[in-house]
Amino acid sequence: MAQPPAKKTLSVYLYIPNIIGYFRIIINFIAFAECYTNRTLFAILYFFSFFCDGLDGWFARRFNQASTFGAVLDMVTDRVSTACLLALLSQFYSRPGLVFILLLGLDITSHWFQMYSSFLSGKTSHKDVKHTGNGLLKLYYGYRPFMAFCCVASEVLYIILFLYADAKSTSLLNTCRGILKESPLVVFMFISTLIGWALKQVINVIQMKTAADACVAYDSKRGK
Amino acid sequence: MVTDRVSTACLLALLSQFYRPGLVFILLLGLDITSHWFQMYSSFLSGKTSHKDVKHTGNGLLKLYYGYRPFMAFCCVASEVLYIILFLYADAKSTSLLNTCRGILKESPLVVFMFISTLIGWALKQVINVIQMKTAADACVAYDSKRGK
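Chain order of the listed sequences is H and Y.
Taking UniProt numbering, I'd label the letters of the first sequence as residues 1 to 224.
Taking UniProt numbering, I'd label the letters of the second sequence as residues 1 to 149.
No lab work stands behind these hints: they were computed from the structure.
Do not rely on the hints blindly, as some may be mistaken.
[Unchecked claim] Once the Cα atoms are required to be at most 30 Å apart in a straight line, the calculated DSSO-like pairs of lysine-lysine come out as:
| no. | chain 1 | residue 1 | chain 2 | residue 2 |
| --- | --- | --- | --- | --- |
| 1 | Y | Lys146 | Y | Lys93 |
| 2 | H | Lys168 | H | Lys181 |
| 3 | Y | Lys134 | H | Lys168 |
| 4 | H | Lys138 | H | Lys221 |
| 5 | Y | Lys63 | H | Lys221 |
| 6 | H | Lys209 | H | Lys221 |
[As the list claims (entries may be wrong)] Partial selection, computed: residues in chain H whose CB lies under 7 Å from chain Y:
| no. | residue |
| --- | --- |
| 7 | Val12 |
| 8 | Asn64 |
| 9 | Gln65 |
| 10 | Thr68 |
[Said to hold, decoys possible] Selected chain H positions facing chain Y (in silico; Cβ < 8 Å):
| no. | residue |
| --- | --- |
| 11 | Thr37 |
| 12 | Leu41 |
| 13 | Arg79 |
| 14 | Ala83 |
| 15 | Ala87 |
| 16 | Tyr143 |
Cβ coordinates follow ideal geometry from the N, Cα and C atoms, glycine included.
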């Protein structure tokens, strides 16, 4: 087998998937800078960033440029963009005021616990989890399209609520009623994303419990 | 850890409702989560379980932050107190952050002193957050190198 030529080590920070990662962050910055004045632009940019999320994984595999830094950058970008969108929604919908703040808390809590407990069991991605217990979790982690559906649905639902937010009415229920009076396509999208979002939140809650149990089990194993 | 992060995030989300530009607080929310997440991740990679147990041989400010706990406590507490001050002084009539700050500076000397000192602590903490992101990212890169990638 021929020796590979001595290669100049490319800084991890310049790996293609990581550059896509920086690009995602810039897109998000621009999106949020324009979120009050141009909602459609925000929605387009937000989704473009979401799309790039899948793209950088593909590039990482294609060019063998997977990196720990890239994985963390990806995870953090996801969490922060969702958190910021939820913070934004909490500005638009003041009744009930705490719904989006609660969802923000749930998202961060469940993912943080999940990541921590994955680490304790020696994994580096919170998505590589074998759940022998709960059926819904098994489906979520075992069948990637289902996971993708739930994650995408959540984000799409938040964007729908963002786009339909009305300065005149700050009630979430009123906006939802208004959406249900729209065209069949919009209603279909709204209902299906609502279902996916609901499943994801249920999974978030279950995950918190199993991850917390894993932390407890870790201590037991260590003989505390 | 999670309770700290989520309560700060929720408070910042709340402040972004009260003040224009709301993006300032949304940015701070992003910075807080990002820096702590990276820091925790890189601590794990080096085998530690608390993001506060860090030996930083490089940056002087970080060495002070992690080496001298009262300094860390001052910065963390100052940040939270500043957010609460801004929360308490939020006025439905004026949503401008600058106006509220100007208003606070016209208060009694004790309030002004608290405001200025928490502002200093908060600023230091944000600088530390940024530095931390960089050193933690470097640790992730170093981890891959050690693994022989």
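Right, here's what the structure says about each hint:
{"no.": "1", "hint": "Lys146/Y to Lys93/Y", "in the structure": "violated, 57 Å"}
{"no.": "2", "hint": "Lys168/H to Lys181/H", "in the structure": "holds, 18 Å"}
{"no.": "3", "hint": "Lys134/Y to Lys168/H", "in the structure": "violated, 43 Å"}
{"no.": "4", "hint": "Lys138/H to Lys221/H", "in the structure": "holds, 24 Å"}
{"no.": "5", "hint": "Lys63/Y to Lys221/H", "in the structure": "violated, 34 Å"}
{"no.": "6", "hint": "Lys209/H to Lys221/H", "in the structure": "holds, 18 Å"}
{"no.": "7", "hint": "Val12", "in the structure": "holds, 4 Å"}
{"no.": "8", "hint": "Asn64", "in the structure": "violated, 9 Å"}
{"no.": "9", "hint": "Gln65", "in the structure": "violated, 9 Å"}
{"no.": "10", "hint": "Thr68", "in the structure": "holds, 4 Å"}
{"no.": "11", "hint": "Thr37", "in the structure": "violated, 12 Å"}
{"no.": "12", "hint": "Leu41", "in the structure": "violated, 15 Å"}
{"no.": "13", "hint": "Arg79", "in the structure": "holds, 6 Å"}
{"no.": "14", "hint": "Ala83", "in the structure": "holds, 6 Å"}
{"no.": "15", "hint": "Ala87", "in the structure": "holds, 4 Å"}
{"no.": "16", "hint": "Tyr143", "in the structure": "violated, 27 Å"}
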